[in-house]
Every structure is written in structure tokens, then in C-alpha cells.
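Asks: Here's the letter readout for the chains.
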Amino acid sequence: MKFKKPLLFIAALVASFLIASALTTVSKPSNYSESYPAVVCPPTLNGLTSQISISSRKTQYQRLENRSSKTLPFNVLRFPVSKDSLVITAEGTTPLIWQSRAGSWAGGTLCSGPSAAAWFVGGTANVTTRGRLMLINSGLSDAIVDIQSFTENAKQPIKSVNLKSKSYMQLSIDSLAPGDKALAVQVIPRSGRVNAYMIDEQGAGLKALGGDFVNSYPTAAKELVIPAIPNQLPKKGQTASTSHTLRILTPGDVNTTFTLEVLSADGSFVPVGLSSQSIEAGVVTEFSLAPKISASAFAVRITSAEPVVASISSSVTIGGHKDFVWSTATPPLTPMSIAVTGLSPLIAFAGDAIAVKVQAKLINGKTVTTVVKGSDIATWRVPANARSITILATSKEVFAGALIASSNGYGFIPIQNGSALTRVEIPNSNIRVLNP
Amino acid sequence: MAVTDRHLVTAIVVTHDGETWLPAVVAALASQTRPADQIMAVDTASNDSSTKLIKAARIPLIAADRDCGFGDAVALAVAKMPKHIEGNSEWIWLIHDDCAPAPTALEKLLEAIDDRPQVAMVGPKLLGWHDRTHILEAGISIAGNGARWTGLEANEYDQGQHDGIHDVLSVSTAGALIRRDIFEELGGFDSNLSLFRDDIDFGWRARVAGHAVIATTSAVAHHAQASASERRSIDVNGAFLHRPLLLDRRNAAYVLLANSSWWMIPWLSIQLLASAMARSIGYLLAKLPGYAADELLAVATLIVKPAEIVKARKFRKTKRLVSARVISSYIPPRWSQIRLSAARVAETIRERVIPAAESTPGSAPNSLEDEDLLVPNQRFHISKLMKNPAIFGYLLLAIITLAQSRNRLGALNGGALAASPSGARDLWGLYFESWHQVGMGSSHASPAWIAVVALASTLLLGKTPLLITLFFLVAPLLMMWSAHTFLRKLSSNQFITIPASFLYALCPVALASLNSGRLATLIALIIAPQIPMVLSSWKQVELNSWRRIYGLSILLAVLTSFTLITTVVSLGVIGFAIVSDYDEKLEKPQFLARLYKRLTLLIFPFLLVAPYSFEALVRPARALAEPGLNLAGGPSALVLLGNPGGAGSLPWWSISPILLLLIIALFSSSHARIFAQVGISFLCVAVIFSSISITVHGNSSGTSTWVGTLLVGTTLASVAAGVVILDRLRTVLISSNIHYRHILAGLLLIITAIYSISSIGWSITAGADSPVQSNTKQVMPAFLTAEADTKTLVLREVGSEDSKSIQYYISRGEDISLGEPDVAPGQVREIEIAAQELIDGSGIGSSQVFSAYGIKYVFVKNPFNRNVIRTIDGLGGFARTSATSAGVVWRVTGVTGRIIFTTKDGTRSVLEAGEVGARTTVSGPGSITLTETFDRSWQILQNGYRLDRAKDEHSLPQFQVKEAGEISLLHDGTIRRAWLSLQLIAWTLAIILAAPAGRRKREISEKELA
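Residue numbers (the working numbering), protein chains in the order written: chain A, 76 to 511; chain B, 47 to 1056.
FYI, nobody ran anything at the bench for these hints, they're computed from the structure. Given the structure is predicted, the values throughout are model-derived calculations rather than measurements. The beta-carbon is built from N, C-alpha and C at its ideal position, and this holds for glycine as well. Hints may contain errors.
Example chain B residues on the side facing chain A (calculated, C-beta under 7 Å, incomplete) [to be verified]:
#, residue
1, S682
2, F713
3, G744
4, S747
5, K823
6, V825
7, Y855
8, G920
Required output: the full structure, derived from the provided sequences and hints.
Replies: In C-alpha cells, the structure reads:
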């Protein structure tokens, strides 16, 4: 054949290309190491009792001030803590801590990993307060933390504190802005592995006025959803229902307007006076909120022209004494798992189209799976004997919070991942880094 | 003719196998205007008809032994002469059998001495025998290194420029007139100088005896220099092996040592030895080992017989009347010797570069024709110049190169190119050192390209950054020139070869190599076109001379020094050729002749770059690596189109016509088909190799192989095929009706034009912002470079905005420089894990690991993920020391440094450390840990003894100290030095074998001598 040789060469070229294509492995530019960072639970302050819900008895923990790297298993599913802050290797299931002062208040929060920044919208610095801001450094190096406070009067000077390694400190929140009533605090760790928690406890003289954890939200945003706000319906003979107060702040330099929309089983609406309401930049503003709602919980969606932080304080009565609950904004729901042993929270899902597949793992090892559907708001009560709940799947832009009632008080817990899977790139050794 | 003067002249003719010249000599003697009063001849048993000729001329003949020297022969004749009468002006006129005096020679000689009674010896101007305008001598002297000094340039044309009577140290015995009484008084010629230099010795002795020696140029003689030019064998006593050079050098040394002052002898001995060695090297380079041996033997034969010198000196002392210093003015100054040598070298180079134009018969008269003179001179027009495709092409390429290099006008780095060190000394240091302070340290052999760049930098006064900048600027022009020298062998049409060469310089490989700092590929692009030019026939390789084979071996060795992929290619090509030879069933001698030459081309370049090449045998990935940083090449789909891909390469849409040309050429009936087959073969290998990942040069992650070097072969073959096709296509297209050839040619031209426009457009716009740029930025902040040789773990996010990755390496306080990536070690596994845990926050023990390996600081270069910075803050063992715009620095807690001393009770302290070695003191027994990679060459000496060396738990070298005292740490570089010595020998041998061979004087034809 005249063109045998040329065709052979072309065939060889095609074969080479096919071989090369087969040989080429899909090379990842980088490899990643995935892990759940250890979470930190707040310490138990004087007079309080704490219990941590864990999903597995084998979950390892370490007391914060323990210098050794050795960890111990809990061996129980609900662990009472007398004082220390605990560092827990939770491996994906976020532990939950429930604290209470007997006959006064109760509240809960998630044990979480270190955060870049945290907004606490709640608490007061006036004479009634007994609140505390707790700063925990679970790292092996010293930490520096900046605290920026805002009140109804003005933005306060930044306060910097140093934290020794493996230690915590508690600051009276009245020291942040003495005498001011409405407080919003931003905690910004400059260095170190820092967690922050806030307890707002109030009393007038010897009379306890209740208390709660003020849960944190990482950043100011133009749209916030506070998904679970308790709404105690008036008992027979009572006319007044639960009172709510919206505390809001735009931390930037520009004044803004916001609109608050109530999402409830009765429908969604904008309460009078909370549509395009203007607020001054850098000043904490409070608005009373008293929606007529027939359900025991509702949610609010706040939209603003400028980023804002907000939370809602709700007064409740439980066991004959008064308490209050700080409901805070939560991030959109994602698949996650939270330990709830010993608690039976009411979980409220808020969103335009709610479709959440949730699974409860019971103490006996069995699982119960439910699909929660609805619009605006849907609630689901966690079985009493559940050790953990897992969000298996969720529709977009759904927000969730949990409301827990106990004999001592009422609390709100954001449904979010306290120990998010961290995807860290595995670094490569390459001399190229030394070439400009 | 009657003799009117008062002198009595006896001409003494000494003959020794001189029949060639003797008739002319006898005739010259007979035709003297002032004939000699007496003529005598001494024959030293000539084997030819010399005796017959003398007898036929009726000259009295004295017979002497064949080994009788010139001086002895003259002495025999003088002895036979009538006794000298006191007061007579009696002269002996020495005539060699190859020296014909001009008719007026004797007359003029006598005229010169008439009013110069102090003259003992007078000589004529010696002109060439064949070329009678070539002045050989007009007086002679001797240089300090023994060289015969005439003060004339090589082949100097006699225009009377040296005419006159000159006071000289001596004159040649050829045609010399010597006063008989002084001759006898001084004892005649030294019998130890049977031939050569007897004239200088006699003149020297005459001078120190208070006499004068002059050369008169009005007297002329023509000298064939038969003995010196090896036209006849040397049989004199002591001239063993018939080696005139040996005798000449020995006698030169003898003259100097016997006549000079005592205090000059040590200095002269050194000069003689040094110059003998230098000349030996020169003769070795010219592949004249016999002459080289002569030079050394000449000095050796004198050294073994010192008594001869002592005796000669004693004899001279008895005849000395004036200080030996009178001679100094006749010894040529060193400056004159250097100037003359330089002029000779310059002339040799000039002759090679601009050979003298052969005058063609008739050309001169034509130019002088009246018609030409009447034609007015055409004026110079720039437009005319631009119509020359070569000038236009080079100029256009220069403009494009300048435009695309506008960000490269300074010290370059980026891409695969590391920053240049400030001077060539650093590069030489990197090449010669056995230990490299890179990362955790390595004893890898430095690649030979470092020596090549260092040598080039040295020639540029040590300015390495300038060299690199200039190289990147002129590389495209060099590529074009190199390609054009090859392509013009394929076609004489400059309108084809110049655009083809231009496109070769702007091919995808060239642009990608320039933009990403690929030194090896750039060198390959320049050298590759020269390879087929050096090797005239590859199929019948035995037809190439060995010299050509070694020349090509050197060319390949230079290429191999930059990239060992050359060896891989050679292995494939030569292996294929050997199999083909075997299949041809050649005769055994022919097969072996081919085999030896092919294997030489494979093995010799590989040996020349040893030991780097040997290390590649155990680390094969090196064979595919380029100098510098290990950057990824492109995907195989891009490679298939002739584009190597990777950083700085042409975008995919700028498709070159390389593949299309090769495919078209495959179906050609011309030898473009051969080029196409070669090109496709290179392309196949390149495509397959592009799918392979390699881990080299301090990069722990695999990167796809850069196949630019292989694509050079593809590109060159494609361009060559294109030239061959186009060269004959034009006539075919003109003479034929429109058919598929017209369509293909049109398609090819369109694609080529589109490629040209797109590639030029891209290279001068986006391409100018490629990775390689002049850059004065630094990675390491100044405060970290202040601490000498401190290890710092540097973390950086590297890569483009959308594909950043975290990378790290250990710095020794400075950024890396050229050559260092090639010797960079891989990372220690323990450090890898510690660095990983540092990033993910789980590294509670990372600081201990870093401390154990001597890493003192962790530096995170900005910009960097803030969360990671916070994570490091949270880890124990790292104390933040600074946070600036450059980045964040932590100090690793704990005692750490380069040399750590641990006492028996476990107390650690850091000892003072030098650059590589160190000298310091230990306070007592304990152990010394050197935080460098373990290597058998690490040694610590204390009180003259080596301390026991072992590996500690981190595999670092640890030495046990038994007592307090001073210690010396060193890295023994004996093996490296041995390799370098072998490499030097191998290169010298290669250069000698490839250099043009010198010829022995007897091999030079009479015509050339003339």
C-alpha cells in the first residue's frame, strides 16, 4: 500500500494520545484533611448546675486546664459538670450544655469550636444585671481577644484582654458599658483558639428575674431569621401573653431601615411599626413586639438595607417564676447532628418552603425518622428518649431553633453545627515558596 | 674579482643530507661579489649525494661522523685551517647546507665590520628559502622561557622595515661571519650543543667576553631551516629518537642555565618548567603528544645531568670579562613576548573568522574597467536594506522580543527560574561544594549546567543576573540564527528559510520556555538545529570522522548538562539505529564501526555530566526534569498540537501549524517525509511523557512532565519539512492545474498566518505578564535573614486566585537562587506530618518536631488564610514574634539551632555554627546533634580524632563527645572533588579529541612552508 508508512505513523500518534489520556490520572491540585475540631463547653459558674448531652458514651473529653493531651471517655450520655470548661472531641455530633440556677432560670447553648468572631445581642449592663461574658482559650498558646460593645447610647471603646493558654476568664457584662441597658457585644479573637459565651442573668435585689444564655451569631447580615421564639399563650383568665422585645443594631457607620416579618402558624405578617423602621448606626435599639399568635412558637425574618445583628428577648413564666429567653438568629440549616440526651426540645423550622428530613436516635439505639414539611414555620418535638437528632436533608433557606422548657426555666438553642467539618488543605512541601 | 679588503675569509660549509639545497648553496658561494678566500666543507656522513656535489664543486671536504654536531664539524674545519697569524683579520664564514647567501652577502658582512673592530660575530638578514619575501631573522635572542626570539611577527613580510645594522645578542650560524681568533679564544661552539641554540650560546659568550655581535640586513641569505622544520632527520650525538624539538628545548634550557647569573637560576628554572608544561598542554590539545613529551623530557634530561650545567658554567666563568648584566638589554621583555603572542592569536582568529579572500582571476581587472568607473555609485537606501528578508526578519523578531520582554529588563525570576545569585562565585561555589544548605541540606551532585552558567557569568565579569537577562533577550534571535543556518542547507530561497526560522523562534515551545523560565528548553531550541549540521550522515554514521563524533558528543553533553531527557532521546534514537543496522545484516567491521560511533554518542555525553547523570539512574524522575523549579507542563491534548502547556504557554486557541505540516509532509514524496517521521516520533514520545507525573527538585507533589525539550524536535522537524515542501511546491503549483495541493497549501498558509498573528499578538500583550519577570521582591523578611543560617519553615499560598494551594519549605534565611532547586532535598516525613498538623490544628507536637530538626521560626507569608493563622496561634509551642504586612512569624519554643549540644544530664544548648563547617568548643561529655540530613561525610574532629557518628531518633547525625574541648565540624568533600577531577579530565579529553589536530612540522608541505 502506497501510504502504509504514513498511516502507521498517524496510527502511532493516535495510539500515543489514547495511552496518554488513559494514563493521565485526574490530579487534584490539593489534598484535604477533613476533621471535626474539638468543641468547647462553657464553664459552670458559681451557683449554677450544668449537664452536657453527648450522643455516645465513648465520646472523649478533657478538662480545659488539663495540660496533658490525654482525653477520657464520658461513659455516660448526660454528663454533669461542676465547674470546668470541657474540651470534647465530639466527632460531628455537637454536644449541648444545659445550665440552670435552681428556681431561677435555665438555658442552653451548643458546645462549639473556636470562632473567628461572635456577636452577642443581649444582656444588660445596668444595676439589674448579673450577667457574665465568658472567654475561653483552649489553645496551647496565649490568646488576645478584642471586645467591642455597643449600647443604646453609643459604641464603646474596644477592650482587649489576654488569655493564658488553656484557661478561661469571666467578665461581668456591666463592666463593658456600666449603666447602659441594651447591650450588643462583638468578641473578636486576635490570636488563639478562643470561644466566647454570654449568660444574661438579672435580678432585682434578692429577687431573681431570670436568665438565659445569649447565643452568638458570627456576622452581621442584611437578612436574619430568628426561627424559634417562645410564645406562651395566656392561661385561662389571663389577658396578657408573652412580651417580646426586639434588640437590633447596625454596627456599620450608616443608618439603616429594617423590616421585621413574623412567620407563624397563623401566617406571616409585618407587625405595625416594624416596616421600614429606621435605626441609627452603632446604637442598639429596642422595639416591643406583641404579635397575636395562637401557636406556642413563632419566627421572625428581619431584612435590612445594611447588615444588622438582632435577637429577641421573650419573657416567660415557668413554675410560677419569671424567666426570659434570648432567641437569636441562626444560619441556614444544613445536615448536622446535635446531642439532646435528657432533653426534649421543640424544634421550630422557619422558611418559605420547609422540607426537612430529621432523624432522632433514641437511647436504646433505635432511630426515628421524620420529614417535617410546611411553610413559614413548622415545629417538631423531639422524642423524650432521644440521645441525638440528625438533620439528614433540608430544603434551602430553612432556619431552625430549639426551645426547651425545664422546671427551672426556658431556653433557646440555635440549631446549627457547633462542630463543623473542617476541611483543611494538606500543605505540600515545595521549594517554590522561596521564590518571589 | 680581486680582493681589496684586509680580511681573510674562510667559508666553512657543513653538510648533512643536504642534497636538496646544496647545489643552490654552492652556486651562491661561487657567485659572491666578494668571494671567500678559502672554502672548506665538512660532511657528517651524509646518506645522500651531498659528498658528490661538494667534490664536484672542487671544495675541499672533511669527513666527519654522522653523529657529529654542527659545532664539532666547524671545529674540525678550523683545526684543518692554517694556523692563525697574530694581527691578521681572519674570519670564518659559516654556511649551512640549506643556506644560500645572496651574491653580495659576504661583501656586505665585511663592510659592516670594517669600522667595527669590536665585532666578533656578524650575521646577515635571513629570508625564507621558498618565499624570499619572508623575513626569518635579523639577529636573535632567547626569552626567559627558552623560546627563540627574533622579535618578528609570524610570516612577516620583508619590506625593509628591519633594515640597518643592529647590535644583537647573537645571530644564526647560517651565514654568520665569526672572527677566527675570538672563535678559538672562546673555545668554539659548545660541544654539548650539537645542534640548535649553539649560535645564541656563542653570541652570549662573546658578549660577556667583551665583544660585539651585530646583524647587518644589507647582507642577505636564504635559509631553508631544514632541521628545525624536520625536513631531514636529526642524527647528532644526544638527539635520541631523532627529535629536533626535544633537542631545541633542551639546548635552550642549557643555554639559559649555563650562562645566566646564579641568582637567576631558580627563577629561570620555574619559568622553563612552567612554560614547558604550558606548551605541553597546548601540544596535547593539538593532539601532538610527541611534542608534548619533548617539552617535558627536555627539562627532565637537564635535571638528571646537573653536572653538565655546572661544568659549562665553570668554563664560561674563565672566559667572562664583563658582567652578565650586559646581556639583560638583549633579553626580550616579558611585555614584548605577551604582545607578540596576543598578536599571533588575534591573527589566527582573524584568519579563521575572516579568511583572506581568494583573488579570483580576472576580478580585479574587471572592476577597473572603464565602464565601471563611469557608472555612478548607487546611494544607500534603508528601504533596500529592509527588502533583504534576513535583515527584515531579524529586525522584526528583535522588535517583537523587546515588546514581549518589556517586563524582563532587570534581574529575572519567576516560573521555573529561580532568582540569580549576585555573582558567578556563588554558582561556582554551588557547583564545587559537596554540601548544599538548602532545606534540610543535601549532598546531591550539582548538575553540570550550573558550571556552564557559572562559566558564562565569569566571562561576563561575574554578573549572573545580567547574563540571564541578556540570554532571555537574545535567545529568540539565537534560535532564529541557529534554525536559519540549518534551513539554508535545505533551501537556498531566503524568502522561505527566513520566515521559517522566524516562526521557529516564535513557536509555542519557544514562547512557553521564555515565559516560564525553562533554561534547558531554550538551550535545546538553540542547539538542536546544529546537531544535524554537525553530523552529516546518521544512517552511515561511520562516514563521520571521530573528531566530528566527539564534537557532537560535546554538543550533546552541553545539552545533557541542562536536561537528561537528551540521554533518554539518545537512547531511543541510537537504540533504534543499532537495531536497524543489525537488521541490515552489515559486514561485521562496518557494523562495529557504526556501533562504536553510535555508542560514543550515547555514552560520552552521559559520562561528561557525571555524577549528576549517575544519580539519575537511581532517581529516574531527574531524567525528565528541567533546571529550576518543578512546574507542571500542559495536558496531552495541547502537547499534541505542539504546545507544551503550563504556565506562560500560548492559549489553546492559538493553534500552530506544526501538526498539520507534519501530517502533510508524511505523504510527501520528498525527504520532507523523513523529517515528518522524525517529528511524529518526537511528538508520540512527548504526548506519552506529558501524562507522567514526576516528583523532583524539592517539590513533594507530583506534577505533569514538561515535554518542551521533546517538542523542540517536533517543531524543528516540522519547520524543516515545511521548508522542503515549500521549496519545490511553488514550481509545482505554478505548473499544474488546481488540485488538492493548491487547497492544502492555501490551508497551511492560512493557519500559519493566523498562528503568526495570534501568537505575536498574545506574546506582546498578555504574554508579557508571564511568570518570568524582573522582580525585586523578596519572600523572606529582612529580620529573618539577619540570623545567619537559621532554619525557618515558610508557609505560603501559591497559585492563581482560583486554584491556590498551601505550600511550605524550609528556608535557610534567604530566598532560593539559581541552581538550588536542582539540589534541593525531598522533605523529611516527620516534618511533613508536623507541617500538616500545624495547618489542621491537630499538631500539639509540631513544635517539638520542628525544634528537633533545628527549625527556629515559622513564617506565614501574606496573604494567607486567617483561620490557619489562628490555628497556629492556638497550638502550643509557637510564640508569635511579629505580624507585619509581610506575614506572621512565630518562634518555635525550645532550644534549637544548627548544632545542638546535649549534656549527659539532658541539658540542651546551641553551639556556634558556621556556613557548612564549624569550629567551636564543648563544655564536657555529651552528644552533638547536627540538624542537617544525615550524610556519611559529616565528621567532627576533636584532638585529631573523629568522634563516633550515629543517627539519632530523627535520623539526624549525632556525635558522641567524651571530653570538653574544641571540636571541628566538617563535611568531607573528597568524593565530590574526585568526581570533579574526573569530570575535568573527561572534558579535557573530549575537547582534545574534538579539536582540530596539529601537524608535525615534517607533515607541513613545502608549499605551505613557503
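Asks: Now tell me, hint by hint, if it's right for this structure.
Replies: Here is how each hint holds up against the structure:
1. S682: Result: holds, 4 Å to nearest chain A Cβ.
2. F713: holds, 5 Å
3. G744: holds, 3 Å
4. S747: holds, 4 Å
5. K823: Hint holds; K823/B Cβ to chain A Cβ min 4 Å, cut 7 Å.
6. V825: holds, 5 Å
7. Y855: The hint holds - Y855/B has a Cβ within 7 Å of chain A, the shortest such distance being about 5 Å.
8. G920: holds, 3 Å
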